[in-house]
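> One-letter residues, chain by chain:
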Amino acid sequence: MKKSSIAGMIIIAIAIGVIISTYADSSTYGSFSDARQTESELHVVGQLNKEKELFYNPTQDANYFSFYLKDNDGKECKVVFSGSKPQDFERSEQIVLTGKMIGNEFHASKILMKCPSKYTKDEVEVTEVSATTAKI
Amino acid sequence: MDIQFIGENLLPGKLGQFFIILSFCSALLATISYFFATINSHGDTFQKQSVIGWQRIARTAFSLNLLSVVGIGSCLFYIIYNHLFEYHYAWAHSSKTLPVYYIISSFWEGQEGSFWLWTFWQGVLGSVIVLRGKTWENSVMTTIMLSQAFIASMLVGVELFGQRIGSSPFILLRDAVPGPIFSRPDYLTLITDGNGLNPLLQNYWMVIHPPTLFLGFASMIVPFAYGIGGLWERRYSEWIKPALPWSLFAVMILGTGIIMGSFWAYEALNFGGFWAWDPVENASIIPWLTLIAAVHVLIAYKNSGHSYFTATFLVLISFVLVLYASFLTRSGILGETSVHAFTDLGMFWHLVSYVGVFFILMIVLLVIRRKEMPITQKDEETYSREFWLFIGALVLSVACIQILATTSVPVFNAIFGTEIAPPPDVIQHYNKWQVPFAVVIAFISAFSQYLKYKKTDPRKFFISIAISLVLALFITAATVYITKVYTNFMYIILTYAAVFSILANAKILGDAFKGKWRLAGSAVAHIGFAFLLIGALIAAATNNIISVNNTGIGFGDEFAKSNNPRENIILYKDEPVKMDRYTVTYKGDSTEGVNTYYRINYQVIDTANGKVKENFDLYPNAQQNVKMKQIIASPDTRHYLFHDIYTHVSSVPLKEEDHEDHEGHSDDENYEKPVNHEVNVGDTVRFRDGFIAVKGINRDARIQNIPVSDQDIAIGMQLEINSNGKTYNSEPIYLLKGGSKFDFGKTVEEAGLKLRFTNVFPDKDKLELMVYQKPKAERTWVVLKAIEFPYINFFWGGTIIMVVGFLLSIFRRNKELKTA
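Protein chains in written order, with our numbering: chain A, 1 to 136; chain B, 1001 to 1820.
There's no promise every hint is true.
[Said to hold, decoys possible] Think about it this way: if two alpha-carbon atoms lie no more than 25 Å apart in a straight line, the pair counts; the simulated BS3-like pairs of lysine-lysine are: (1) A:K3 to B:K1452; (2) B:K1737 to B:K1766; (3) B:K1302 to A:K2.
To be clear, the hints were calculated from the coordinates, so they are not data collected in a lab. This one's a predicted model, so the numbers in the text were calculated from it and none came from an experiment.
One chain only, chain A, in its complex shape (with noise of 0.2 Å):
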């Protein structure tokens, strides 16, 4: 047999092992209740609550941030992040956590919101109309 063949399929075995590896370090989407019967990190998608309290309050600690999140069953948790509020968090259309729960808290390592950004949002912003429909 060639010397090459058999580097393939060395390679081969690597890139399958590789592949597999990549699923058993991937992590599932659950909800706060998964999350709950869980030891280890996972996502957990849903949105803001947006009438309940986004505490940060940086002249007391620069470093907490918490907020209500409903999950995509409708349950809702308090979430603690301990960095800095996100920018243009206020405005996300989803969230996804990655963390895990600790007592009735959701402790996310990391936030990855989606926002309707001001950039792509196709909604006009129409200035002074008020003052020229009158005129009409």
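Please arrange chain B on chain A, whose structure you already have, making use of the hints.
Frame of chain A, contents of chain B only:
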């Protein structure tokens, strides 16, 4: 009923749309004509006349295509430059306040603009092939024009069978966005400005990074088209030679583009780093790595006849991966894993078909021609360069498969309906695999330079690399000690491999100066790559958050324990804080346009004698958007030769919206409780920030709009206010009119004072002065994050060296092409 809209300038849009249709049709025509020109020039069907005829049509169609692509660009630029907000693209991506260079970057902020860039570069490269391609023109251009037609179709934006095909940059705002105002003929007068460019993209790197990146993407098609042409026309070995300099060119440009993006991320984003393994970044680096692997096996095949299939496959798959990358970033499939991907413009299946067609084309040709490919049955020697070039290429490919597998998780989820999430710690996940791969590649890039093609004497080989191997041991020990990466065994190994590669290749470079210039390009590129590895490794492994906050209070030990390190620190104005070896003070802010710059002073104070050794200011900035209660922050970085200090504000007090005085509120609400003073001329009254001197009495005071008759008394009190060393004058007035008392207070905004002259006590010979003070301003603060990146310049420097190496190799391979 049709509404006649006022003030719209519809000509550039109509012209642009016409050019889009023209570019699509001409690309299609060129594809077909080149296709027939190619088949007619072979075998039984060979007819010289018809080849020339087809070629003439094809060239005309190509010129027309190039012309219309330039036309599209000109129209779009005209629209953005002249702020024609009746067009959605101009409205969505630009604003009147943007300077010209950012108008250029707003041009390619959207998907349509970036597709235009791609088609433009593809057209430019196509004209090089038409002019210089000689016998390759017909077959190579068939593939290029097919791709050109695909991109043009992405821009068409017309409805076909109820399905919108592509997305046109010339769509009107009133067609793109529903809204009641569009039923008014004069709606344009209400749209005063566009949405503007995302502040994160307002960076000079964003002016040049996309054109470079897209030139890289576009040039990937050339080696692909040569490969396809080679298989199609059965010119199996011939295509390798012209494809080689093109591959090097693509690798060089794409590499430069990727690193520019990385530099932009480092300068403008708040990732706190130059590489975050974000799916969007991964998508562009995968084809780059596969094409680098391809270059190496192309060289191996050219010199030894080995690895033909690997070389062809890698060249072809690289371009398919470029298309796959554009599918990932543009289809919206990365929604839950990346912050940077575009949102779906309804082109999901359109993009899939683009990838699919080229992938199928590649597979079909490889299968049809499998028996005829010049694959050797000979075994390679272990001590031969071709064998190790092959192994190196395979290792690179496996590294790619790993990146590809993790990046494609959302695609797997979409296909199989699974719900797999990416790894919780993405960076660690990638590094675990990529560090060992990098070690192997660095080693191979060093010792394979000392191997000859066909067969090498093992004894000679080991002697020649022995010195480098031993010397590298010492240098590694020193490097690892100085840069403190000794905590991780794999990092030490990687440093050793990279140092070895630098030394071994430096020796080759030394020989190059003595006249063996042939390997100079590869030696330089390998040295650059090794430096890049070292730089990335050290900067990523030892970057140090210096804004560590140890004062977290109020949330209990439990919270602090599980959440170290605490990366943000609060700085109050003029209160120095010790951070690492720096004494950092927030000195104040200044506003320039929409940006607020926060002046952060860094000092290094010698503890022995208290002298200031270093003193500099950094100005991280934030755009405040009062309405949305948010900030968009951009960092500022102090560059040293051996490290960078990177600073950005994570939070600032939001400025209050200036609300106008309205009824029901008295002006006095803004002040603290007033203090009454009984004074006379020459007296001085103290207040918090200074004192007020009563200078004199004006018995002839006048009050605007109020007539003062002889019976009335109007007196002004002339005051000199001294606040924080500054002097102001003011004259509150007291009026006795028709037996009633009035007073007209005066405010001194700068001193935060309001002064009223409220009474006169003739019996006491005193005057009453009421002093209102604004409450003391709350202490202003910023929340800051500061990171030290050591040896980051190895990363940038290595990149530049690597690009120079590619350039040298291009010259060499081009020269070979001419002499051959």
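> Are the Cα positions of K1302 of chain B and K2 of chain A separated by 25 Å at most?
Holds, at about 20 Å.
> Check whether the Cα positions of K3 of chain A and K1452 of chain B lie no farther apart than 25 Å.
holds (18 Å)
> Does K1766 of chain B lie within 25 Å of K1737 of chain B when you go C-alpha to C-alpha?
holds (20 Å)
The structure agrees with every numbered hint stated previously.
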